[in-house]
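K.L.:
Chain by chain, the residues run as shown.
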Amino acid sequence: GAVVSQHPSRVICKSGTSVKIECRSLDFQATTMFWYRQFPKQSLMLMATSNEGSKATYEQGVEKDKFLINHASLTLSTLTVTSAHPEDSSFYICSAPDTGGDGYEQYFGPGTRLTVT
Amino acid sequence: AQSVTQLGSHVSVSEGALVLLRCNYSSSVPPYLFWYVQYPNQGLQLLLKYTSAATLVKGINGFEAEFKKSETSFHLTKPSAHMSDAAEYFCAVRHPTGGGNKLTFGTGTQLKVEL
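First to last, the sequence lines map onto chains A and B.
Mapping the first sequence onto this note's numbering, position 10 (from 1) lands on 10, and the numbers just tick up by one.
Mapping the second sequence onto this note's numbering, position 13 (from 1) lands on 13, and the numbers just tick up by one.
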């Protein structure tokens with residue numbers, strides 16, 4: 001099946017700094033990618049839809065200026081958490097829809113654990 | 001808008017026993033439904049999906065689920081639990097035509113398998 005990777009897998013940063021998380025589709029092209037965040041022992045909450053070559057679409061309540069998304073190529077989307085604070089600490093997961101199969105499946109990255117101190 | 005409800009945030013079974021994880025959905029039209037498994041500090045892996053074909057869907061690792069429109073349910077089952085099944089399970093729903101592939105997840109069920 002298709003593979004989605006994320007980098008880094010874990011990151012610790014100081015409050016006030018910015019952190020960039022990469023999401024790559026390794027063996028397929030993804031015009032759309034999704035970014036989720038997951039708090040401990042909770043479900044995944046969709047943050048935004050990343051669209052290649054255009055602006056991301058953010059879910060209600062998600063600050064677009066804080067969570068910058070760039071989808072510059074068909075295989076790479078990045079999420080930058082700007083001026084991070086401890087409450088931004090979370091598990092961030094990206095996914096990309098299957099474009100080569102039946103079209104129903106989404107492939108998820110392994111996630112990035114962000115800890116803001 | 002679609003939503004899913006997973007009854008039971010924690011389920012504990014003995015090894016070899018039946019696994020039953022419950023999922024009920026709410027949707028104005030018959031949706032597409034998915035079950036995903038998540039191991040600690042990892043992403044999600046698709047177990048199975050219902051996309052309006054056969055109502056009984058078989059997935060990986062011996063899991064299956066049945067779409068029951070009359071009950072608005074899509075419960076996940078496995079006849080015999082294995083220790084390696086211990087993980088978090090998420091039911092998810094998607095609109096069949098609109099919504100742009102967006103998935104809405106349930107709150108998850110932590111499955112514990114005991115000896």
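There may be inaccurate statements among the hints.
Derived BS3-like pairs (lysine-lysine); straight-line CA-CA distance at most 25 Å [unchecked claim]:
(1) A:LYS55 to A:LYS41
(2) B:LYS69 to B:LYS58
(3) B:LYS112 to A:LYS20
(4) B:LYS112 to B:LYS69
(5) B:LYS102 to A:LYS55
(6) B:LYS69 to B:LYS102
(7) A:LYS41 to B:LYS102
(8) B:LYS102 to A:LYS64
(9) B:LYS68 to B:LYS102
(10) A:LYS41 to B:LYS68
(11) B:LYS102 to B:LYS112
(12) A:LYS66 to A:LYS14
(13) A:LYS20 to A:LYS64
(14) A:LYS66 to A:LYS55
(15) A:LYS66 to B:LYS69
If you want the footprint, here are the derived chain B segments under chain A, 3+ residues with CB under 8 Å [to be verified]:
(16) 17-28
(17) 37-44
(18) 70-77
To be clear, the hints were calculated from the coordinates, so they are not data collected in a lab.
Being a predicted model, the structure only gives us computed values, none of them experimental.
Where a beta carbon is used, it is the ideal one built from N, C-alpha and C, also for glycine.
K.L.:
Could you tell me which of the numbered hints above are not met by this structure, giving the numbers in increasing order?
P.N.:
1, 3, 4, 10, 11, 15, 16, 18
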